[in-house]
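Undergrad: Sequence:
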Amino acid sequence: MNRHLWSRRALAALVCISAVASASAADKIKVGMLTTLSGPGSALGNEIRDGFNLALQHTGGKLGGLPAEVVVADDQQKADTGRQAVERLLKRDRVDVMTGIVFSNVLLPVMPAILQSDTIYLSTNTGPENYAGAGCNPNFFAVAWQNEDIPAAMGKYATDQGYKSVALIAPDYPGGRESLKGFKRLYKGGLSEEIYTQLGQLDYGVEISRLRASKPDAVFFFLPGGMGVNFIKQFNGAGLSKDIALLAPGFSGDEDTIAAVGAPIAGMRNTSQWAADLDNPANRKFVEDFKKTYKRTPTLYASQGYDAAMLLDSAVRQTGGKLDADALRPALRRADFKSVRGDFKFNRNQYPIQNYYLRVVEAGADGKLANKLSGTVLTQYQDPFAATCQMK
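According to mature numbering (1 follows the signal peptide of the UniProt record, and there is no 0), the sequence shown holds residues -25 to -1, 1 to 367 in order.
Everything labelled a hint here was simulated from the structure, so no lab data went into it. Careful: at least some of the hints might be erroneous.
Capping the alpha-carbon separation at 16 Å, the derived lysine to aspartate or glutamate pairs in EDC-like fashion look like this [what the hints assert, rightly or not]: (1) Lys208 x Glu169; (2) Lys190 x Glu169; (3) Lys66 x Asp93; (4) Lys156 x Glu169.
Computed Cβ-Cβ distance ranges for the label pairs, DEER-style [claimed, not checked]: (5) Asp68 x Ala238: 39 to 47 Å; (6) Asp2 x Glu169: 25 to 33 Å; (7) Asp2 x Lys208: 18 to 26 Å; (8) Pro256 x Arg323: 22 to 30 Å; (9) Asp68 x Ala241: 18 to 26 Å; (10) Lys217 x Gly35: 47 to 55 Å; (11) Ala241 x Ser189: 21 to 29 Å; (12) Lys3 x Ser189: 36 to 44 Å; (13) Thr351 x Gly35: 31 to 39 Å.
Please read these numbers as outputs of a predicted model, since none were measured by experiment. Just so you know, even glycine gets a beta-carbon here, dropped at the ideal spot from N, CA and C.
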């Protein structure tokens, strides 16, 4: 045989072997976690990271039987910082899967680079409509919710309570606008105000003056992290809580907000897909071990980070350790894991079908304020965007 011909065939064989090897079982898995660890929204990113890491403790530091490494990057709640971090995670660190982004103003600019690299992204928080409907993507899995769904549940509750006039407040960025849109989806009463603030704003004197003048029955606000803490304190300090009910999505009334605000938040209603006192075995273990490990009650953000890790663990186990996107996608779609939310499944757009609950901030037996589960507002709710997603 011609020596050059043999060399070409040998090289081709090596290429084939390499291709097969890349689709065979890996010896470890590397997860890129891009999240917010500094600035007003840092508490949210820390919760997601800690929830994910607790799941790794429960799985012995492995995902699907593979030793797991989590490479963490801080996006600082800035799109440009996020873009730079994504490039490092994909090209330098060569992560297998990505997760962790908190805010949609970071997620939307960085997502094209992630998806175009054929990397799976597990969203542990924001779930924009961009990837829920006609723009759905086989590599994008929303483990938390669609941005409008938790607010929609509060809109349903406000209607059921008979509120005739509600004022709306949110930061002027995609997540804020979608949140108010979601509330209006199921709220049937009137709107006295629809106010958009700056993202990261901490002084609400002007907005509170407008609320005092318009005198709504209730205020629905989407102000996650430090924004919500300051708003609730200032709202209460202005004496408005005597006559105006405060309503919020869970991200503006979670355990981190309760701890930071204290007494002024007592009695506030919020909606969420999760609650610390939701009674199922996975959630009881999660809450108990989170408290032991981190010395605080977990938030919904932590529950989302935990579920994302457990979902990935189940998927990698099903693939036998194969980490290519083609192998992971069907395994992730099955969602064959014990969620802390109880029943969990993906819709055709790879966003959850799940229950949404009412939580009320009350003092427990120990005298400490905490969210208490107060009923189901929406049962096995599906976001309306899924109908236009062409994935099957």
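Undergrad: Hints broken by the structure, by number, lowest first?
TA: As far as the earlier hints go, 1, 6, 7, 9, 12 are violated by this structure, in ascending order.
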